[in-house]
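Asks: In order, the protein sequence lines correspond to chains Y and P.
Residue 0 is where the first sequence starts when you use numbering that gives the first Met the number 0, and the numbers rise one by one after that.
Residue 0 is where the second sequence starts when you use numbering that gives the first Met the number 0, and the numbers rise one by one after that.
Bear in mind the hints are in silico, worked out from the structure with no lab data behind them.
Warning: the hint list may mix true and false statements.
Some, not all, of what chain P presents toward chain Y, calculated at C-beta under 7 Å [stated by the list, open to error]:
1. ASP251
2. LEU252
3. VAL255
4. ARG257
5. LYS260
6. PRO273
7. ILE335
Backbone N, C-alpha and C define an ideal beta-carbon position, used for all residues, glycine too.
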Amino acid sequence: MSILSFKNVNKGFGVGIHRAEVLKDINLEVKEGEFLAILGFSGTGKSTLMNLVAGLEKPDSGTLTYRGKPITEPGPERGLIFQSYSLMPWLTVGGNVGLAVDAVFPKLSKAERQAKIDHYVSMVGLSHATARRPAELSGGMRPRVSVALPLIHL
Amino acid sequence: MSVTDPDTLSADIKRAKLFTRINRADNWFQVLGLAWMTPILKAAAGDNPRAQMGEIWRLLGVPLLAIAIFLIAWGTLAPKVQTSLGAVPGPAAVWEQAISLNAEAVRTREKEAAFYDRQDTRNAKLIAEGKEDKVKQRAYTGKPTYYAQIWTSIKTVFFGFIIASIIAIPLGIAAGLSKTANAAINPLIQIFKPVSPLAWLPIVTMIVSAVYASNDGMFSKSFLVSAITVTLCSLWPTLINTALGVASIDKDLVSVSRVLKMNTWTKITKLVLPSALPLIFTGLRLSLGVGWMVLIAAEMLAQNPGLGKFVWDEFQNGSSQSLAKIMVAVFTIGIIGFLLDRVMFALQSMFTFTADR
């Protein structure tokens with residue numbers, strides 16, 4: 000039983016003569032526990048594929064299912080690390096992780112919430128930088144924060 | 000390896016600390032419009048004076064020179080124009096009137112204090128004689144001082160401006176978030192934005208007279224008419240800028256909010272407001288500026304006892320000092336407008352996130 004399956008998925012952008020078909024007739028089965036890397040030249044649709052899996056975009060045709068159910072919208076069970084690391088620039092590292100904690104565990108007490116935040120921040124080794132804002136992080140630290148966010152969903 | 004003398008080392012550290020402090024203060028000087036303070040402080044702290052002189056000249060010397068040229072041109076040209084109220088007053092005459100207005104305010108305040116003194120002694124005497132039923136408390140009904148008029152204007156403009164902001168920010172957020180809401184609001188903005196305050200005023204006057212019939216003394220009608228006219232004209236910059244700010248949120252951050260499945264409230268407080276805040280504040284600044292400009296016209300016609308009424312009364316008065324007094328009012332209006340803008344700018348730099356990612 001595959002966890003993720005693509006059946007004849009097509010996706011393109013633009014209209015008329017500016018139309019570009021990015022993904023054509025994609026069929027893919029991913030088993031649970033399988034580790035999959037997708038390689039390709041720039042502009043071949045890797046990000047489009049990820050956006051489809053995340054549910055941020057919908058396929059033009061074909062079906063995309065997660066555990067047998069069609070993917071219609073983003074959900075916490077399908078974590079995504081954004082290419083630009085998309086952290087809220089006005090929130091600290093703790094604040095950014097806190098947003099994701101709130102999304103997954105909406106009914107935590109203040110202390111439990113703080114414990115969760117500390118746990119995930121330390122998982123990516125940024126305990127010393129909890130109070131810093133994204134602009135004050137080094138280029139290598141920023142992606143680590145965005146790695147922490149999907150981990151919370153596990 | 001050279002050994003540094005501990006004395007010079009600590010002096011260096013002190014100097015570095017001093018300059019850090021000056022640079023930090025510089026942010027505040029910029030906000031307050033006192034940018035010229037920084038090079039003066041730096042020169043005083045021992046930085047290369049020649050380098051700082053250039054800055055001082057540009058930030059302080061040039062503006063002062065421009066003001067001086069303006070004053071000289073005004074002083075020489077103004078007396079050449081003869082009006083029915085005498086020659087157009089020059090800077091000296093205007094300054095004289097500013098001083099006389101201040102003196103008049105002091106005199107009126109003394110009169111007011113004396114009036115209440117007399118009333119209190121009279122009442123105390125009546126109570127002592129056992130005639131409590133004859134005790135009367137009357138408010139002083141003399142002419143308002145110039146400062147009281149300025150204060151009335153400021154209160155009026157803020158009342159109108161706050162109402163406008165309370166309406167415009169939520170509407171702007173709605174218009175920015177939803178294309179449907181934007182389609183609904185946009186045509187109304189386009190039509191009402193260019194309307195002059197003078198066109199709104201008669202309508203507002205009639206509506207306030209009809210609706211606010213009670214005489215509970217909370218607001219005077221002229222106050223409400225002026226404030227609502229300010230509201231109607233200062234809605235639009237905030238509304239448009241809020242909508243623009245909300246509509247131009249970073250698409251990636253919107254994706255984050257979708258992945259995190261934020262509900263509308265969290266989305267607005269954690270994502271929409273923080274990222275739209277700089278543009279919202281730009282809108283608020285423009286709105287307050289428009290409001291202040293509109294207020295003077297509104298006060299003239301609505302007879303709200305503020306600066307507008309002062310200008311109108313002086314114009315009707317037509318004494319030989321009237322023009323000079325009106326010019327005092329012009330400078331007052333300008334300086335207060337500038338201060339209001341600085342206040343908004345200071346609030347903006349306090350509340351908004353500026354560091355880029």
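Asks: Quick one: which hint numbers does this structure break? Sort them smallest to largest.
Replies: 7
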